[in-house]
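Participant: Work the whole structure out from these sequences, hints included.
2 protein chains.
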Amino acid sequence: MIRAQLLTPDPASLTTFLNTHTRTRDCLIQIAGLAEVNYHGRAASTAEVGAYLVLIKRDGSLQIHAPTGIKPMNWQPRTDELTARVEHGRCILHASRRSPEELVRVTFLHPHLALALNLYEEASFTLSGSEKQMQDALARHPELIEPGLTVLDRELLVDSGGIDLYARDAQGQYVVVELKRGRATQDAVSQLGRYVATAQKSGVGAVRGILAAPSITAPALKELRARGLEFREIGAWPDAPAPAALPSLFD
Amino acid sequence: MIRAQLLTPDPASLTTFLNTHTRTRDCLIQIAGLAEVNYHGRAASTAEVGAYLVLIKRDGSLQIHAPTGIKPMNWQPRTDELTARVEHGRCILHASRRSPEELVRVTFLHPHLALALNLYEEASFTLSGSEKQMQDALARHPELIEPGLTVLDRELLVDSGGIDLYARDAQGQYVVVELKRGRATQDAVSQLGRYVATAQKSGVGAVRGILAAPSITAPALKELRARGLEFREIGAWPDAPAPAALPSLFD
DNA sequence: CAATCCGTCATGGGT
DNA sequence: ACCCATGGCGGATTG
Numbered sequence: 018m019i020r021a022q023l024l025t026p027d028p029a030s031l032t033t034f035l036n037t038h039t040r041t042r043d044c045l046i047q048i049a050g051l052a053e054v055n056y057h058g059r060a061a062s063t064a065e066v067g068a069y070l071v072l073i074k075r076d077g078s079l080q081i082h083a084p085t086g087i088k089p090m091n092w093q094p095r096t097d098e099l100t101a102r103v104e105h106g107r108c109i110l111h112a113s114r115r116s117p118e119e120l121v122r123v124t125f126l127h128p129h130l131a132l133a134l135n136l137y138e139e140a141s142f143t144l145s146g147s148e149k150q151m152q153d154a155l156a157r158h159p160e161l162i163e164p165g166l167t168v169l170d171r172e173l174l175v176d177s178g179g180i181d182l183y184a185r186d187a188q189g190q191y192v193v194v195e196l197k198r199g200r201a202t203q204d205a206v207s208q209l210g211r212y213v214a215t216a217q218k219s220g221v222g223a224v225r226g227i228l229a230a231p232s233i234t235a236p237a238l239k240e241l242r243a244r245g246l247e248f249r250e251i252g253a254w255p256d257a258p259a260p261a262a263l264p265s266l267f268d
Numbered sequence: 018m019i020r021a022q023l024l025t026p027d028p029a030s031l032t033t034f035l036n037t038h039t040r041t042r043d044c045l046i047q048i049a050g051l052a053e054v055n056y057h058g059r060a061a062s063t064a065e066v067g068a069y070l071v072l073i074k075r076d077g078s079l080q081i082h083a084p085t086g087i088k089p090m091n092w093q094p095r096t097d098e099l100t101a102r103v104e105h106g107r108c109i110l111h112a113s114r115r116s117p118e119e120l121v122r123v124t125f126l127h128p129h130l131a132l133a134l135n136l137y138e139e140a141s142f143t144l145s146g147s148e149k150q151m152q153d154a155l156a157r158h159p160e161l162i163e164p165g166l167t168v169l170d171r172e173l174l175v176d177s178g179g180i181d182l183y184a185r186d187a188q189g190q191y192v193v194v195e196l197k198r199g200r201a202t203q204d205a206v207s208q209l210g211r212y213v214a215t216a217q218k219s220g221v222g223a224v225r226g227i228l229a230a231p232s233i234t235a236p237a238l239k240e241l242r243a244r245g246l247e248f249r250e251i252g253a254w255p256d257a258p259a260p261a262a263l264p265s266l267f268d
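Heads up: the protein sequence lines correspond to chains A and B, in order.
Heads up: the first sequence runs through residues 18 to 268, numbered per the numbering used here.
Heads up: the second sequence runs through residues 18 to 268, numbered per the numbering used here.
Calculated directly from the structure, the hints in this document are not laboratory data.
Hints are not guaranteed to be accurate.
One copy or two, it doesn't matter: identical chains are merged, so the pair holds either way.
[To be verified] Below, a list of computed lysine to any residue pairs in the SDA-like style, where the Cα atoms sit at most 20 angstroms apart:
(1) 239 <-> 214
(2) 149 <-> 60
(3) 239 <-> 174
(4) 88 <-> 77
(5) 88 <-> 42
(6) 218 <-> 175
(7) 149 <-> 218
(8) 218 <-> 244
(9) 239 <-> 168
(10) 239 <-> 200
(11) 218 <-> 203
(12) 218 <-> 55
(13) 239 <-> 204
(14) 88 <-> 249
(15) 149 <-> 174
(16) 88 <-> 78
(17) 88 <-> 120
(18) 88 <-> 76
(19) 88 <-> 145
(20) 149 <-> 57
(21) 88 <-> 147
(22) 149 <-> 59
(23) 149 <-> 58
(24) 218 <-> 179
(25) 218 <-> 245
Facilitator: Laid out in structure tokens, this is it:
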């Protein structure tokens, strides 16, 4: 599992270590110790000398973690170039990419530990509870939104975006449905409003707009009603409350 | 720097290691090896047995990294409880929080390495190029948006959100300005539209709406014009293009 | 390439 | 708590 480990390496050794193990692109590298970090790209940042943990994964992605916080302090999701070199007696790591043009530079002042781990066993990962799944379930059971509803299309692309569900109600009127897996906000109302306006313009007559979500914020509901749109409470989860009043999607 | 290190620890040792070093909340812990991960909360996920790197920071945040990708496969930003125990002869880590109620469970099948690092030196971190900085600069130099503009308020909270800049133009007409540090999208137009409508309702007469950003998408521009709103190209960056036509904010 | 939207978004700031 | 908005958002998808 441990391919290589260095304790308090000197700049030259660390540089060699980094260049060697990043080249193979088959292991996870980490360096812990005192460093400075600079970033320049869509924004710019500077981190004064402090204790950080640097991670470089197989795919060349780089992240620099501060001692707290879930998100890395600096990162580079996709590196086009990843090189280490000695400058002014220090090991410096450059991680750059084009489009957008961005550069992260790590200056190692006092590396305590450098590790290369054989970490490559990919395993299956499944996530449930996404909006996609909610869409699948409602496309199969549109009566959960409203009795008599017929789904015509899913992910229908119009120039203002993608309509989650495009349907027709019992009276033959067209309906745009916007889904949210969580509490719906004013943004969702804006989205729905855009889609309804677009559908309206296509000349099929009056189009209804329904926002289907487990809940909605008070301002969003007010805005929704002011625009003549509708809200349907749809439990997005198997263990949704009150199965009688709010039947589960996944039966 | 290295507080403790175990190689291929047995379940009991790993459990003790985890409980000991998470309790002190003053070091960064990592475990690399074969594991299974389950999550249940706002969504649910399962990762089959594979090679992962588990990080636990001082603040109790947990992240489980797969061999590739910038984002962790599973995570828990804030843990209310973080405990390890032996179950069925395996070390199992539970990380839970309330509000939202979420649980991440890691089952260690074959831990190769457990490390506790003294990593606590926080250092100053500064980011430039944020929308906040853009707002500061434009509040000082509103003439970059339009000659004769006077800023009345910043971050003015209305029930539909926060207006970036509230101003009055040379003719005394009220102006709502929405800023974007990057390319403005239809969402930004929706935001601006909401704010203008809210300001309008307050009864100060006709209110102008200006979207100030370095660029705008074509559909957003179309929508903007259809709503009678305006766009101003504002370079958000010191090294913005063509200083003559597009003066820098940071002079 | 551009544009859109989802996300266990995270994170911060306001009421 | 709720609600809103930003982010170097990342990531996927589609045209």
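Participant: Look at each hint and say if it fits the structure.
Facilitator: To see whether the hints hold, each was checked on the structure:
Proximity of residue 239 to residue 214 under the C-alpha cut-off of 20 angstroms is found in both arrangements, the shortest distances being 19 angstroms within a copy and 14 angstroms between copies. Within a single copy, residue 149 and residue 60 get their C-alpha atoms only as close as 33 angstroms, which misses the 20 angstroms cut-off; across copies the closest is 12 angstroms, which meets it. In this homomeric assembly, residue 239 and residue 174 come within 20 angstroms of each other (Cα to Cα) only across copies, at 18 angstroms, whereas the closest approach inside a single copy is 27 angstroms. Taking the shortest alpha-carbon separations for residue 88 and residue 77, both the intra-copy value of 18 angstroms and the inter-copy value of 13 angstroms come in at or below 20 angstroms.
With identical chains, the CA atoms of residue 88 and residue 42 are at most 20 angstroms apart between copies only, with a shortest distance of 18 angstroms across copies and 23 angstroms within one. In this assembly of identical chains, residue 218 and residue 175 lie within 20 angstroms of each other by CA distance solely inside one copy; the values are 11 angstroms within and 31 angstroms between copies. In this assembly of identical chains, the alpha carbons of residue 149 and residue 218 never lie at most 20 angstroms apart, being 27 angstroms within a copy and 38 angstroms across copies at closest. Proximity of residue 218 and residue 244 under a CA criterion of 20 angstroms is satisfied in both settings, with 16 angstroms inside one chain copy and 15 angstroms between copies.
Neither within a single protomer nor between protomers do residue 239 and residue 168 lie at most 20 angstroms apart by alpha-carbon distance, with minima of 27 angstroms and 30 angstroms respectively. Within a single copy, residue 239 and residue 200 get their C-alpha atoms as close as 14 angstroms, which meets the 20 angstroms cut-off; across copies the closest is 30 angstroms, which misses it. Proximity of residue 218 and residue 203 under a CA criterion of 20 angstroms is satisfied inter-copy only: 18 angstroms between copies versus 23 angstroms inside one chain copy. When the C-alpha separation of residue 218 and residue 55 is checked against a cutoff of 20 angstroms, the pair qualifies neither within a copy, at 50 angstroms, nor between copies, at 46 angstroms.
For the homomeric pair residue 239 and residue 204, the shortest alpha-carbon distances inside one copy (13 angstroms) and between copies (19 angstroms) are both at most 20 angstroms. Taking the shortest alpha-carbon separations for residue 88 and residue 249, neither the intra-copy value of 35 angstroms nor the inter-copy value of 33 angstroms comes in at or below 20 angstroms. In this homomeric assembly, residue 149 and residue 174 come within 20 angstroms of each other (Cα to Cα) only inside a single copy, at 16 angstroms, whereas the closest approach across copies is 34 angstroms. For the identical chains of this complex, residue 88 and residue 78 are neighbours both inside a copy (14 angstroms) and across copies (10 angstroms), given an alpha-carbon limit of 20 angstroms.
In this assembly of identical chains, residue 88 and residue 120 lie within 20 angstroms of each other by CA distance both inside one copy and across copies; the values are 18 angstroms within and 19 angstroms between. In this homomeric assembly, residue 88 and residue 76 come within 20 angstroms of each other (Cα to Cα) both inside a single copy, at 19 angstroms, and across copies, at 12 angstroms. For a Cα distance limit of 20 angstroms, the shortest separation of residue 88 from residue 145 across copies, 18 angstroms, qualifies, whereas the shortest one inside one copy, 23 angstroms, does not. Within a single copy, residue 149 and residue 57 get their C-alpha atoms only as close as 36 angstroms, which misses the 20 angstroms cut-off; across copies the closest is 18 angstroms, which meets it.
Proximity of residue 88 and residue 147 under a CA criterion of 20 angstroms is satisfied inter-copy only: 17 angstroms between copies versus 22 angstroms inside one chain copy. With identical chains, the CA atoms of residue 149 and residue 59 are at most 20 angstroms apart between copies only, with a shortest distance of 14 angstroms across copies and 31 angstroms within one. Within a single copy, residue 149 and residue 58 get their C-alpha atoms only as close as 33 angstroms, which misses the 20 angstroms cut-off; across copies the closest is 17 angstroms, which meets it. In this assembly of identical chains, residue 218 and residue 179 lie within 20 angstroms of each other by CA distance solely inside one copy; the values are 16 angstroms within and 31 angstroms between copies.
In this homomeric assembly, residue 218 and residue 245 come within 20 angstroms of each other (Cα to Cα) both inside a single copy, at 16 angstroms, and across copies, at 18 angstroms.
Consistency note: the structure conflicts with the earlier hints numbered 7, 9, 12 and 14.
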